[in-house]
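Undergrad: Heads up: the sequence lines are chains A and B, in that order. For the record, in the first sequence the residue sitting at position 30 is 29 according to numbering that gives the first Met the number 0, with numbers rising by one throughout. For the record, in the second sequence the residue sitting at position 80 is 79 according to numbering that gives the first Met the number 0, with numbers rising by one throughout.
Don't read these hints as lab results, they were simulated from the structure. Since this is a predicted model, take the numbers as computed values, not measurements. Glycine included, every Cβ here is placed at the ideal spot set by N, Cα and C. Any given hint could turn out to be false.
[Said to hold, decoys possible] Computed list of lysine to any residue pairs in SDA-like fashion (alpha-carbon distance at most 25 Å, straight line):
| # | chain 1 | residue 1 | chain 2 | residue 2 |
| --- | --- | --- | --- | --- |
| 1 | B | Lys-52 | A | Asn-10 |
| 2 | B | Lys-52 | A | Trp-58 |
| 3 | A | Lys-99 | B | Gln-46 |
| 4 | B | Lys-52 | A | His-124 |
| 5 | A | Lys-99 | A | Trp-58 |
| 6 | B | Lys-35 | B | Gln-46 |
[Claimed, not checked] Computed list of chain B residues with no C-beta within reach of chain A, every gap over 12 Å:
| # | residue |
| --- | --- |
| 7 | Gly-31 |
| 8 | Glu-32 |
| 9 | Ala-34 |
| 10 | Lys-35 |
| 11 | Pro-38 |
| 12 | Ser-45 |
| 13 | Ser-59 |
| 14 | Thr-64 |
| 15 | Leu-82 |
| 16 | Gly-91 |
[Unchecked claim] FRET-style restraints, in silico, Cβ to Cβ:
| # | chain 1 | residue 1 | chain 2 | residue 2 | range |
| --- | --- | --- | --- | --- | --- |
| 17 | B | Ser-15 | A | Gly-55 | 40 to 50 Å |
| 18 | B | Asp-102 | A | Gly-55 | 26 to 36 Å |
| 19 | B | Arg-66 | A | Arg-81 | 47 to 57 Å |
| 20 | B | Pro-42 | A | Ala-110 | 48 to 58 Å |
| 21 | A | Gln-42 | B | Lys-52 | 26 to 36 Å |
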Amino acid sequence: MGDATTIPAINGATTVRAPIEKAFRIFTTSFDTWWPREFHIGQAEMAEAILEPREGGRWYERGVDGSECDWGRVLAWEPPLRLLVTWQINGSWQYDPDPKHASEIEVRFTAEGPEQTRVELEHRHLDRLVDGQALRDGIGEGGGWSSNLALFARAVATEE
Amino acid sequence: MAAYGEPRLSLFGDPSRRAIFELLARHPWSVGELAKQLPITRPAVSQHLRVLKDGGLVFSRSQGTRRLYQIDPAGVAALRAYLDRVWDQALGAYQRAAEAAPDDL
Numbered sequence: 000m001g002d003a004t005t006i007p008a009i010n011g012a013t014t015v016r017a018p019i020e021k022a023f024r025i026f027t028t029s030f031d032t033w034w035p036r037e038f039h040i041g042q043a044e045m046a047e048a049i050l051e052p053r054e055g056g057r058w059y060e061r062g063v064d065g066s067e068c069d070w071g072r073v074l075a076w077e078p079p080l081r082l083l084v085t086w087q088i089n090g091s092w093q094y095d096p097d098p099k100h101a102s103e104i105e106v107r108f109t110a111e112g113p114e115q116t117r118v119e120l121e122h123r124h125l126d127r128l129v130d131g132q133a134l135r136d137g138i139g140e141g142g143g144w145s146s147n148l149a150l151f152a153r154a155v156a157t158e159e
Numbered sequence: 000m001a002a003y004g005e006p007r008l009s010l011f012g013d014p015s016r017r018a019i020f021e022l023l024a025r026h027p028w029s030v031g032e033l034a035k036q037l038p039i040t041r042p043a044v045s046q047h048l049r050v051l052k053d054g055g056l057v058f059s060r061s062q063g064t065r066r067l068y069q070i071d072p073a074g075v076a077a078l079r080a081y082l083d084r085v086w087d088q089a090l091g092a093y094q095r096a097a098e099a100a101p102d103d104l
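Chain B with its partners taken away, still in its complex shape (with noise of 0.2 Å):
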């Protein structure tokens, strides 16, 4: 549904937001920490959070005086954006061998 579409491409069209979304998936980090680890600086480290904050893949919450980003995983979009890519993926990989099969099969 093209009214779907486009927030999922722009969820996950970006390299380095995927590798932001990778490693909250693995363990709650700090805007700074996760600039630590990417090779970008930290506005652009908010920037694709804001994103990813907005799609509901991500939340934040304080712990002292740190404020901690980690994915929403009882998220309802964290949940649809995982499937949909999950078919996504599937049917691209089923057509390839519906066509690459012999006939007989």
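In isolation and in its complexed conformation, chain A is listed as follows (with noise of 0.2 Å):
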């Protein structure tokens, strides 16, 4: 099992002008109204992203042609200030389902007004994901890992 240390954890933030409730609104039973269609685990094209608004819900996409991939699972579910979900996306593009090597996102909100509110991302433990069988073995030229970053380096390249 690889050091705790070994990934830093990725931290972003962003304030939105909207009180707090309706930031984590949007940010949950909305994800799908804003979550980047380029980034998705299944083959077929992405038709909806969900995160079951509950602790222990599912949260998952459902491609064009109704095949579902899972992400990861809600672990915490507090409203309005505070989502727990693990992400469980190895580097084969698979869904890993043993916990061991989930990794997890904490999104935190605080308000700053009664129509702003501050919205912190952690995501960390990515070790975790390393330490997945599939990322040791799971690489080919031109396997989910290799072709998703050509992917993203695409939307990179059209996004700035």
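Could you fit the two chains together into a complex? Lean on the hints.
TA: Below, the structure written as structure tokens:
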């Protein structure tokens, strides 16, 4: 198993002009309305990205062909202050059901005013993904990880 | 985190470097082969490869007399850099959606 400090956590933050309840609601129940379409796991184009609004809920995508791909699970559901979900997509771009290989995303919402909310995100335990067997073994030319990196590179190129 | 923001910008902040990264994500190439596909010189390609290599996103290996470059798919830095950009874009999209949505949504 990797050292817990191998990969630093990713920290992101944004401030939105919206009350905290709305900020939480858009992030969670309206997840599908804003998640960038190019970031999907399944072979099919993504029709919908769903975050089930409860502890233990699924976080997954549904493809245009009806297929579903899990991303993770909801570990903590504390509206409007905090959301904790797992991200269990390994290097072969597959869902790894083993909780020991689950990275975590914590999102904290802080009201800075009646119409302004600070949203802070931390994606941590990334080393657990690297510890997954698939990431060590499943890398081949044209495989999931490299082709998704190519998709990603194109997405970045068009964005900027 | 500021300490990690700068390397990220320098890794992806240049269009030629992104183009090289994209080519390598699909196929391993030598410096010369990369230069043929891009409007930049071989020394410029080499320079970008060095940055990507130092950033842990690509590595090189010898194949006969050729030196091939490819992305490091198992690389910790590649994984982190990828997810970092995912969240960067996702949070931006989220902010725009939250501010555009009607209050009663």
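Undergrad: For each hint, tell me whether it holds in the structure or not.
TA: A quick look at each hint next to the structure:
1. Annotation: proposed proximity of Lys-52 of chain B to Asn-10 of chain A holds, straight-line Cα distance about 24 Å (limit 25 Å).
2. Between the alpha carbons of Lys-52 of chain B and Trp-58 of chain A the distance comes to roughly 34 Å, so the proposed pair goes past 25 Å and is violated.
3. Restraint check for Lys-99 of chain A and Gln-46 of chain B: the C-alpha separation of about 39 Å exceeds 25 Å, so the hint is violated.
4. Only pairs whose Cα atoms come within 25 Å are accepted, and Lys-52 of chain B paired with His-124 of chain A is accepted, the gap being roughly 24 Å.
5. Pair hint Lys-99 of chain A plus Trp-58 of chain A holds up; C-alpha atoms about 17 Å apart against a cutoff of 25 Å.
6. As the CA atoms of Lys-35 of chain B and Gln-46 of chain B are separated by approximately 15 Å, the hinted pair is consistent with the 25 Å bound.
7. The Cβ of Gly-31 of chain B sits about 20 Å from the closest Cβ of chain A, beyond the 12 Å cut-off, so the non-interface label holds.
8. Every C-beta of chain A lies more than 12 Å from that of Glu-32 of chain B, the closest at about 15 Å, which supports listing it as non-interface.
9. Against the 12 Å criterion, Ala-34 of chain B stays outside the reach of chain A, whose nearest CB is about 18 Å from its own CB.
10. With 12 Å as the threshold on Cβ separation, the claim that Lys-35 of chain B sits away from chain A holds: the shortest Cβ distance comes to roughly 19 Å.
11. With a minimum CB-CB distance of about 15 Å to chain A, Pro-38 of chain B clears the 12 Å threshold, and the non-interface call stands.
12. Listed as a non-interface residue, Ser-45 of chain B keeps its Cβ farther than 12 Å from every Cβ of chain A; the least gap is roughly 20 Å.
13. The claim that Ser-59 of chain B lies off the interface holds: its Cβ sits roughly 16 Å from the closest Cβ of chain A, which is beyond the 12 Å cut-off.
14. Here Thr-64 of chain B stays apart from chain A, with its beta-carbon at least about 21 Å from theirs, past the 12 Å limit.
15. With a minimum CB-CB distance of about 6 Å to chain A, Leu-82 of chain B fails to clear the 12 Å threshold, and the non-interface call is violated.
16. Non-interface status of Gly-91 of chain B relative to chain A is broken: a Cβ of that chain comes within 12 Å, the nearest being about 7 Å off.
17. Remark: the range hint 40 to 50 Å for Ser-15 of chain B to Gly-55 of chain A is upheld by a beta-carbon distance near 47 Å.
18. Between Asp-102 of chain B and Gly-55 of chain A the C-beta distance comes to about 30 Å, which sits within the given range of 26 to 36 Å.
19. Distance hint check: the CB atoms of Arg-66 of chain B and Arg-81 of chain A are about 49 Å apart, consistent with the given range 47 to 57 Å.
20. Taking 48 to 58 Å as the suggested C-beta distance range, the pair Pro-42 of chain B and Ala-110 of chain A conforms, at roughly 53 Å.
21. The hinted range of 26 to 36 Å is satisfied by Gln-42 of chain A and Lys-52 of chain B, whose Cβ atoms lie roughly 31 Å apart.
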